[in-house]
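Residue numbers (this note's numbering), protein chains in the order written: chain A, 883 to 1122; chain B, 883 to 1122; chain C, 883 to 1122; chain D, 883 to 1122; chain E, 883 to 1122.
Because the hints were derived from the structure by calculation, they are not lab data. Do not rely on the hints blindly, as some may be mistaken.
Copies of the same chain are indistinguishable here, so a pair counts whether it falls within one copy or spans any two.
Straight line, CA to CA, 25 Å or less: simulated SDA-like cross-link-like pairs of lysine to any residue [as the list claims (entries may be wrong)]:
(1) Lys936 <-> Thr892
(2) Lys946 <-> Thr1002
(3) Lys946 <-> Gln1048
(4) Lys1077 <-> Val922
(5) Lys1086 <-> Met1099
(6) Lys894 <-> Asn980
(7) Lys890 <-> Asn980
(8) Lys958 <-> Ser902
(9) Lys936 <-> Glu1015
(10) Lys890 <-> His971
(11) Lys1101 <-> Gly1032
(12) Lys890 <-> Ile930
(13) Lys958 <-> Val922
(14) Lys946 <-> Lys1077
(15) Lys1077 <-> Ala1092
(16) Lys992 <-> Ile1027
(17) Lys936 <-> Leu986
(18) Lys1077 <-> Glu1015
(19) Lys992 <-> Met944
(20) Lys894 <-> Ser984
(21) Lys1077 <-> Gln919
(22) Lys936 <-> Thr1033
(23) Lys890 <-> Trp985
(24) Lys1077 <-> Leu991
(25) Lys1086 <-> Glu928
(26) Lys946 <-> Pro1030
(27) Lys936 <-> Pro969
(28) Lys890 <-> Lys936
(29) Lys1077 <-> Val948
(30) Lys992 <-> Ser893
Bear in mind the structure is a predicted one, so any value in this text is a computation, not a measurement.
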Amino acid sequence: MITMEDIKITSKPMSDTPKSVLMGFPGSGLVGSIALQYMVDQLEFEQIGNMTSKYFPPLVMMNKGVINVPVRFYQKDNLAVIVGDIPVHPMICYEIANGIISWLSQFDLKEIATLAGIVTNEPEKRVFGVATEQDYLQRIQDHSIILPVGTISGIAGSILTECKVQGIPAWGLLAETINAPDPRASAATIEVLNKIFSLNLDVKPLLEQAEEIEAAMHKLSEEVQSAEKAPKKEQLPMYG
Amino acid sequence: MITMEDIKITSKPMSDTPKSVLMGFPGSGLVGSIALQYMVDQLEFEQIGNMTSKYFPPLVMMNKGVINVPVRFYQKDNLAVIVGDIPVHPMICYEIANGIISWLSQFDLKEIATLAGIVTNEPEKRVFGVATEQDYLQRIQDHSIILPVGTISGIAGSILTECKVQGIPAWGLLAETINAPDPRASAATIEVLNKIFSLNLDVKPLLEQAEEIEAAMHKLSEEVQSAEKAPKKEQLPMYG
Amino acid sequence: MITMEDIKITSKPMSDTPKSVLMGFPGSGLVGSIALQYMVDQLEFEQIGNMTSKYFPPLVMMNKGVINVPVRFYQKDNLAVIVGDIPVHPMICYEIANGIISWLSQFDLKEIATLAGIVTNEPEKRVFGVATEQDYLQRIQDHSIILPVGTISGIAGSILTECKVQGIPAWGLLAETINAPDPRASAATIEVLNKIFSLNLDVKPLLEQAEEIEAAMHKLSEEVQSAEKAPKKEQLPMYG
Amino acid sequence: MITMEDIKITSKPMSDTPKSVLMGFPGSGLVGSIALQYMVDQLEFEQIGNMTSKYFPPLVMMNKGVINVPVRFYQKDNLAVIVGDIPVHPMICYEIANGIISWLSQFDLKEIATLAGIVTNEPEKRVFGVATEQDYLQRIQDHSIILPVGTISGIAGSILTECKVQGIPAWGLLAETINAPDPRASAATIEVLNKIFSLNLDVKPLLEQAEEIEAAMHKLSEEVQSAEKAPKKEQLPMYG
Amino acid sequence: MITMEDIKITSKPMSDTPKSVLMGFPGSGLVGSIALQYMVDQLEFEQIGNMTSKYFPPLVMMNKGVINVPVRFYQKDNLAVIVGDIPVHPMICYEIANGIISWLSQFDLKEIATLAGIVTNEPEKRVFGVATEQDYLQRIQDHSIILPVGTISGIAGSILTECKVQGIPAWGLLAETINAPDPRASAATIEVLNKIFSLNLDVKPLLEQAEEIEAAMHKLSEEVQSAEKAPKKEQLPMYG
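So that you can see chain A by itself, here it is in the shape it has in the complex (with noise of 0.2 Å):
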């Protein structure tokens, strides 16, 4: 167990093998943290530890009836991955990006990359890509679309900062998504994977969910709108 301050990590160590770190916290569209558990669920990673923080909510997931520790290690052959299921406050993102570092930093790492989403509303699902330096983007500039001016905000935005500051290889991939759960746009992340570690994972899965999602979620607006429609009663006091 490695215990910093006010972050515990509580993991077996890392295996050997040299290993890309691939992260996923809550944001726009959850994009990166549906894409990486669902990686883990299908791909069958072997969880190796947890972290737990004093600045997390006190707030925990259950899958049946198993609650889930918030921030969770993974990892398989020359991948690991760090999913999270609670949103990082502005505040602490420095300090929870420098903790997971400092963790890493142990073992023999490749490169970390960061997964998120980028609010634009369109439907297409493009993949962006951002990297530390020059030279880490031709890792990515293949299978994704060089962002050329912009910000990243959050945990992802603090990764890359520190990753650059202590000069480890690192990138980001950034898809398309919109402001509700995004199934599609973690499918087209996963997309990406598939092209950098050959990895043949199958996206239907995600993309069925996609669209009951947004076929639930057209039900409602027509709801909505039809109600919008009908006259308020409570508008109308006079006539009640």
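Using the hints provided, position chains B, C, D and E relative to the given structure of chain A.
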């Protein structure tokens, strides 16, 4: 006396018998606090200690002129109980959970269980169960409904997370409740504890207390309704 | 000088006689502060020290041009008194209570007593009593009404909690009061102290002060009422 | 350089002559700051040092292109002056007062005096006096009106409290003032200092400055009044 | 790597040539950041390091897909530049200023200069000058207008204060600007730097950028005005 930085536990050590530790703090329906206070009173547990903290609000309750420390430790045979009178603020759940578990860790524990409520406003008062690992679900699955998905927040969530991270067997019960003190949900919880621990604790007094509260609320509700029908002078200034 | 981290007590040590320590801080009706300041003035206690804290607001009171430190320590024979001029914020009650008790613990104490008010708006000014243990209720049960249920908040609650946790005999008096300075409730409290400590302290001046305050408030109330009956120009702009 | 944790005093040591230390920080009417800055400028005090603090707002004032550190230390013969340009937030008065007194304590001090304003909106500008002990009132009672009752808040209150607690002779002057920069009140304060310290400092320039400010405010007031009499178009939309 | 408690500077040491250090952080008109980023890009300064801090918001900017650390250190010959992309919150200006100066103090410095804007909304873009001591005004008085009175707030104010307190020669430029990115004010600042440091840096590209921004804002302004003239349906429900 064990003194951590911001939490102070003043207690006799627990006796040598391995313990199942039941915990209840005020939350939805006050389910856990009411159930456990009722249990320690009826089964005449021994009070062995107290917990105070600079994080607790300066508030003390009285019982026949004698003040109660807001968080109390009790034991009897193979059971220990921690019961709180004051809600734990989300900002300090992590600290309080770690303080309690750190103190408990010096003793021979069998398991930790959290008792709480989940607001459904259903009259039925079903009791749901969760656990930190698949194995511990066996402990509760015959007596409660395993909660397939969902979240647990507050001190119960923090306790379960820490137990999972530290490998301490733990499970939780969540009784269906309402947004008001709910002895009926506490009674349903005790019925489950009766089965798990063969307590044979009579819940009739709790149910009678529930009926009193419900009668009072029903009366209040009728008064509010008749008051709402009466013309309100202050809203009719023209006829004042 | 005893210096704790954030609280500074500058005081001569208390004399060897075992002490009953009476404490009053501003709260409902200012009952405790008024009663104890009156007592130390009339019975000519010796001022032995002061307490300051970074947590106190920067506010100092004057008496004939000479400033008073906001919290003062007095003693005479077997009695000690701690009286405060400034209300203690809920966030710091725990720290202040622990600081005071920690300093007091080096001396030979018989008991600690807190004096405060409880708002009932009754004219009668009954005095209720509470204690940290059943045994200490004997000290007050013939002279006050034992409070069956209820809560005590603020610094008095913190002092009583800490005394209970540390095993220091302690009790408290709560005089019925109003939301305004209330020398009548302070007088009622002193009548109880007269019996417990055989003080024979005359409360007539306090009652006269109470009558003055009540007369002034009565007059103010009449003025407010007649003002409310008069037409208000600013509400009738058409006739302005 | 003396470095306390959060307060940084950079100063030459004070000369050996025992010192009366006069202090003025911005408060009601800016009475103390205006009076003392005028005094050190007119009597050509030597600036010996500065105080900065992480608690101060990031704000610096200029004088003919040269920046001024917000809190400055001056001395001349048997007088020392500490003058501030920035108001001290109530939350940090305790720390700042202790930092200043702690630094001063290494030198041979005769007394500390605080200069401030008290809002009465009276034209007369009387100067009231207070002291930490009865004995020190003698120092000011012939030249000011001893304040019978009342409160002093802010940094002046904290300085006087700390002086009393630490047994440092101290007194304070409070000039009647208004809620605006008030050189007339500063002049009244200097007249008192002239008597106490035989300074013979001419206050005519301050009074002329006061007349300018008063004339400007009178003009502003007339403009506001005539503006208030004019019909306001935006309140009469029907005739717009 | 120099690590202070909450500020992390990762940089190569500066070369031996004594340095004039120019600093610009986002503030009014972004004058300093725009001017210095333009300068280091055009004159091909070498980037030698970065600064991160737990106090900075988790935000990172991109340049052709490569992320920029929010605060960057550059040098070329006898000039060093510190340029920031993120505004520094008033609460942390003291810490950041001290961290930067503490790091710089290990090198051979000639002087420190802060570049910022001052909102006047004048078209002329005059550049004002200030210094920590009378002597250093000579450095800028022929090329800027010495600011007779006024205040400087934010990180520039903190840097100048610390330089004055620590005796480091320092001066600042304040270009007249508006409440929007203002390359024209940055150009005016560079014209002053051209004279002081004989840089011969062409500002035409900045002026062209300014014209583009101004044209865009002019167009926007016209659209807003014509939109304001059009009747707004939602404000005329009776004719809806």
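Hints and how they fare:
In the homo-oligomer, the alpha carbons of Lys936 and Thr892 lie at most 25 Å apart both inside one protomer (14 Å) and across protomers (24 Å), since each shortest distance falls under that limit. Proximity of Lys946 and Thr1002 under a CA criterion of 25 Å is satisfied inter-copy only: 19 Å between copies versus 35 Å inside one chain copy. In this homomeric assembly, Lys946 and Gln1048 come within 25 Å of each other (Cα to Cα) only across copies, at 21 Å, whereas the closest approach inside a single copy is 40 Å. Proximity of Lys1077 and Val922 under a CA criterion of 25 Å is satisfied intra-copy only: 17 Å inside one chain copy versus 38 Å between copies.
For the homomeric pair Lys1086 and Met1099, the shortest alpha-carbon distance inside one copy (20 Å) is at most 25 Å, but the shortest distance between copies (47 Å) is not. Taking the shortest alpha-carbon separations for Lys894 and Asn980, both the intra-copy value of 19 Å and the inter-copy value of 21 Å come in at or below 25 Å. Taking identical chains as interchangeable, the C-alpha atoms of Lys890 and Asn980 lie at most 25 Å apart whether they share a chain (12 Å) or sit on different chains (11 Å). Taking the shortest Cα distances, Lys958 and Ser902 sit within 25 Å of each other inside one copy (10 Å), while across copies they are farther apart (37 Å).
Taking CA atoms no more than 25 Å apart as the test, Lys936 paired with Glu1015 passes between copies only; the shortest distance there is 22 Å, against 33 Å inside one copy. Proximity of Lys890 and His971 under a CA criterion of 25 Å is satisfied in both settings, with 17 Å inside one chain copy and 21 Å between copies. Within a single copy, Lys1101 and Gly1032 get their C-alpha atoms only as close as 34 Å, which misses the 25 Å cut-off; across copies the closest is 24 Å, which meets it. In this homomeric assembly, Lys890 and Ile930 come within 25 Å of each other (Cα to Cα) only inside a single copy, at 14 Å, whereas the closest approach across copies is 31 Å.
Taking the shortest Cα distances, Lys958 and Val922 sit within 25 Å of each other inside one copy (9 Å), while across copies they are farther apart (45 Å). Taking the closest pair of Cα atoms, Lys946 and Lys1077 come within 25 Å of each other only across two copies (22 Å); inside a single copy the shortest separation is 33 Å, beyond that limit. In this assembly of identical chains, Lys1077 and Ala1092 lie within 25 Å of each other by CA distance solely inside one copy; the values are 22 Å within and 43 Å between copies. In this homomeric assembly, Lys992 and Ile1027 come within 25 Å of each other (Cα to Cα) only inside a single copy, at 22 Å, whereas the closest approach across copies is 45 Å.
Taking the shortest Cα distances, Lys936 and Leu986 sit within 25 Å of each other both inside one copy (20 Å) and across copies (19 Å). When the C-alpha separation of Lys1077 and Glu1015 is checked against a cutoff of 25 Å, the pair qualifies only within one copy, where the shortest distance is 21 Å, while the shortest distance between copies is 35 Å. Taking CA atoms no more than 25 Å apart as the test, Lys992 paired with Met944 passes between copies only; the shortest distance there is 23 Å, against 33 Å inside one copy. Within a single copy, Lys894 and Ser984 get their C-alpha atoms as close as 15 Å, and across copies as close as 21 Å, so both meet the 25 Å cut-off.
When the C-alpha separation of Lys1077 and Gln919 is checked against a cutoff of 25 Å, the pair qualifies only within one copy, where the shortest distance is 18 Å, while the shortest distance between copies is 37 Å. In this assembly of identical chains, the alpha carbons of Lys936 and Thr1033 lie at most 25 Å apart only when taken from different copies (18 Å versus 28 Å within one copy). Taking identical chains as interchangeable, the C-alpha atoms of Lys890 and Trp985 lie at most 25 Å apart whether they share a chain (10 Å) or sit on different chains (18 Å). In this homomeric assembly, Lys1077 and Leu991 come within 25 Å of each other (Cα to Cα) only inside a single copy, at 20 Å, whereas the closest approach across copies is 50 Å.
Only within a single protomer do Lys1086 and Glu928 lie at most 25 Å apart by alpha-carbon distance; the minimum there is 23 Å, versus 49 Å between protomers. Taking CA atoms no more than 25 Å apart as the test, Lys946 paired with Pro1030 passes between copies only; the shortest distance there is 4 Å, against 44 Å inside one copy. In this assembly of identical chains, the alpha carbons of Lys936 and Pro969 lie at most 25 Å apart whether taken from the same copy (14 Å) or from different copies (18 Å). For the homomeric pair Lys890 and Lys936, the shortest alpha-carbon distances inside one copy (9 Å) and between copies (18 Å) are both at most 25 Å.
For the identical chains of this complex, Lys1077 and Val948 are inter-copy neighbours only, at 21 Å across copies versus 34 Å inside a copy, given an alpha-carbon limit of 25 Å. Taking CA atoms no more than 25 Å apart as the test, Lys992 paired with Ser893 passes in both settings, with 20 Å inside one copy and 23 Å between copies.
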